[in-house]
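Chains as they are written, first to last, in our numbering: chain A, 1166 to 1497; chain B, 12 to 577.
Just so you know, the hints here were simulated from the structure itself, not pulled from any lab data. By construction, the Cβ of each residue, glycine as well, lies at the ideal position given by its N, Cα and C atoms. Don't take every hint at face value.
Stated by the list, open to error - Covered by chain A, per the in silico footprint, the following chain B stretches (three or more residues, Cβ under 8 Å):
#, segment
1, 284-291
2, 434-445
Unchecked claim - A short, non-exhaustive set of chain B residues, derived as facing chain A with CB atoms under 8 Å:
#, residue
3, LEU93
4, GLY248
5, PRO274
6, VAL275
7, GLU276
8, THR279
9, SER452
10, GLU455
11, ASP456
12, ASN569
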Amino acid sequence: MSRLRYTIGRLLQAIPVLVGVVTITFLLTDAIPGDPVSIMLGPSPSAQQAEAIRAKFGLDQPLYVRYFNYLFDVIQLDLGESLYYGVPVTQKIMERLPVTMLLMTSSFTFALVTAVPLGIISAKRRNKPADHISRVVALLGVSTPSFWIGLMLIIVFAYNVSWFPATGLVMPWAPPSAIGGASNQIDVIVTSIRHLVLPTITLGTLQMAAFTRIERSSMLEVLGEEYVKLARAYGVSEGKILRKHAFRNAQLPLITIVGLQLTTALGGAVLTETVFSINGMGRLVITAIQNQDFLLVMGTTLMFGVVFVVGVIITDLSYAYVDPRVSFDGGD
Amino acid sequence: MTKDNNSQLIDRRRMLQGLGVAGIASVAGCSGGGGGGDDTGNDSGNGSGDGSGDGNQSDDGSGDGQASQGGQLKMALVKSPLEFDPIVLNDVPSAQVSQNIFEGLYEYDESTGLVPALADGEPEVNDEGTVYTVQIAEDATFQNGDDVTSEDVKYSFEAPVDEETDNASELNMVDTIDTPDEKTVVFNLSYPYGAFGETTLAWSIVPKSVREEDPDAFNDSKPVGSGPFEFDEWQEGNFARITRYDDYWGDPMPNLESVEFVPVEESTTRVTTLRNGENDIIEEIPPKLYSSVEQIQDAGIQEVPGIGYFYMAFNCAEGPTTDPKVREAVDYCFDMDQAVSNYVEPSGVRQYSPLPQSIVDDWGFDTGPWEQIPHSKDIEQAQQLFDEAGVSQDYSWRIIVPPDDKREQIGVTVSNGLQEAGFDAEVQRLDWGAFLEQYVSGSEDDYNIYTLGWSGSPDPDAFTYYMFGATEDTLGVTDGTFYHDSSERAKEATEKFVEARETNDQEQRKQLYTEGITTVLEDRAHLPAYNLKNSFGVKEYVNDFAEHPVDSFHLSSNHNNVSIDE
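Start from the sequences and build out the full structure, keeping to the hints where you can.
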């Protein structure tokens, strides 16, 4: 099976998954107690006004009719109109998604850049002080809530020493005119990095901790393989063994976990964006839920589903680049 | 304009839902709390305008020439504005921005009095209080250069009703509007609505031609008003920026060159942005962070009680709480003074009636008797009353609260008292959707007791008619107590609120309100709890910032003009 056919196959497999996401989200949203019209208009809208809103959003239709209408609209990439914002859901998602993507990309980069060396050092110096420190850091990272890390970082680095801003996110490609105090694109990028530092550490710490643990155990396993012992017997240097023989083979489990961590990161983004007032998908979800904006809730959940599915497919495809033994024929 | 629209009695800003600040009556007619619901809690609106304002700003009046010209102010709001057209907007942050772009015929002074803005002098009122004639200032212009005309005023008052916006109920007492000439407008009221000259005439005026040409653009990208600031740019969730309108027809010309409003929802983060200078002013300081703001060396707190009312109420339609004796027993189960002291102060103040202190002061109500009505905690007395009323010890109480920490704490305090008295009691914190659905059901399965908040314009009508007024428009809808139908005495009391609404004589109204409120408090349909302050953290280099009981704050007005020291 060619890589292209495999990719298409995986994309087709994603369709029932996404239909499932739509169905479950739709039913759960419908089951939430409370009336979105009450939230929208206050507790005593006129009957006429409430009726008009219900008709506009199809709330006067039976559940199954609404479901199939929604499914039909989703197929046409129409996610409806947000009750709260009064604009198409897709427009809000398109506004917010790049912000969250930037945050997630930077936090994953931070996590990988720190976790891989930490994991290798930990494995190489097993049961030595460096290993103990690395494991404690990983344990703390996994067990500390991201919002708490965010608040602590704000208190220390924004409140006490004022090194970094506590709010907002500047997109690196924003025009200088839109950023107060920026005179050129370099200024914009520097401002963007300053704004990114604290949220990146907040969101990336959990991933970093998880990746470090995986990297360590994976490296330990590979370093115990026969071919590594053979290389040592041949007198190959430890550095070369690590670089040439062990490192690449130890990355497969890490790639798997990177794909799966996407959902955790999206959940963390909700908290991180709230703490740092970043206007991304996380805050959009919170606003949607608080205001019982059911179309926005369904739209954002579907988008999270799409991001996750795409992440998993990319993970699968990237196996082949790391490990040539992986084929797309169903074998290994 | 007919009374049919009375059914749209409440808008989102009146129901104090737990977010956003304050009043904002001048722009959108009435005030209230926004939507959402975070822990930072709350909103409200009303007050006396006598806020302590212990910041270090000079509240010395209206741009006295000493202030520096220019400067860009950054202000952190709790939430992002959503729209700017005062005809349709219905949330606090939107009104906080919009009120700087638009003006009404009248605007609030430093407290709750109205002074002319677009109007030229005081309104002429006929003896019955049903006809108000207002002259528009000759030189008043919109930001597109057009004169402000009587047609614009007529349009601004009629459009909310014609378009059935959420704000329609603010203007439902207006029957017809005449425009005998370009600068004269005559309001004919359906009945002598006492609060018309006190609050309604502050309604914002929009240019008819501009708004009709493109209502959507007018709402989100090109609003045009007659105020001292003009709209510059808005990115939803990121910022909204207004700039000084250099050809402003009125006085004073703003000192500030521009103002950027930035939403920062998390309260700790908001305080941090004040300390590190990301923002020059932040709004809404929760109780737990007062000391943090006070410790910031180059900033202070300015605050004023808002126009709001937070309370605990009983289900008088079903269950044991239909008996006033049981409600009194519940009152004995806890100490509201202590609860407010523990969970609300210093961000709020104790309130003993539905009327915020500013209304009490303005009208000269004697609150002494009302303050004597609530009991201190006395579990034995409570148990005796429960026994007399025949409430079984097996009864399980259900208290529902909205998603707001302060109101939840009050609910928990009562629940603890009921448990001490030997009952099972459960506090359920509901999301707004579920809460709004349950608290008006009148079913004891849904609730025995609830906590809620209310905001309004600075007139007793806003705090009585909508919650207790027994009319077809309000029955069982705005009032989850159903008190009006619970007894003949209750009916008589609530009918006084309706009568007061349609009376022009202030002394007569005051008498009706006094009698009605006394009965409501003695019957304990409500247990008044507290009112929140509109609080702001303000940097020292910001001069003349004015917190306001109704409008939340003023930047450039008849009594202040904010500037920034270089």
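Going down the list of hints, with the structure as the test:
1. Coverage of a stretch by a chain is defined here by at least three residues with a beta carbon nearer than 8 Å to that chain's beta carbons; for the segment 284-291 of chain B and chain A the count is 5, and the condition holds.
2. Check result for the segment 434-445 of chain B against chain A: holds, 5 residues qualifying (beta carbon to beta carbon below 8 Å, three or more required).
3. The restraint placing B/LEU93 at the interface with chain A holds, with a minimum CB-CB distance near 7 Å, inside the 8 Å limit.
4. Because the beta carbon of B/GLY248 sits about 4 Å from the nearest beta carbon in chain A, less than 8 Å, this interface hint is met.
5. With its C-beta approaching chain A no nearer than about 7 Å, B/PRO274 sits inside the 8 Å limit, and its interface hint holds.
6. The restraint placing B/VAL275 at the interface with chain A holds, with a minimum CB-CB distance near 5 Å, inside the 8 Å limit.
7. Given hint, B/GLU276 at the interface with chain A, holds; its Cβ is 6 Å from that chain's nearest Cβ, closer than 8 Å.
8. Below 8 Å, beta-carbon pairs count as interface contacts, and B/THR279 has one with chain A at about 6 Å; its hint therefore holds.
9. Contact between B/SER452 and chain A, as hinted, is not supported at the beta carbon level, the nearest pair being about 12 Å apart and thus beyond 8 Å.
10. Look at B/GLU455: its Cβ only gets to about 18 Å from chain A, farther than 8 Å, so that hint breaks.
11. A cut of 8 Å between beta carbons decides the hint on B/ASP456: the least distance to chain A is about 14 Å, and the hint is violated.
12. Taken as an interface hint, B/ASN569 does not check out: its beta carbon lies about 30 Å from the nearest beta carbon of chain A, beyond 8 Å.
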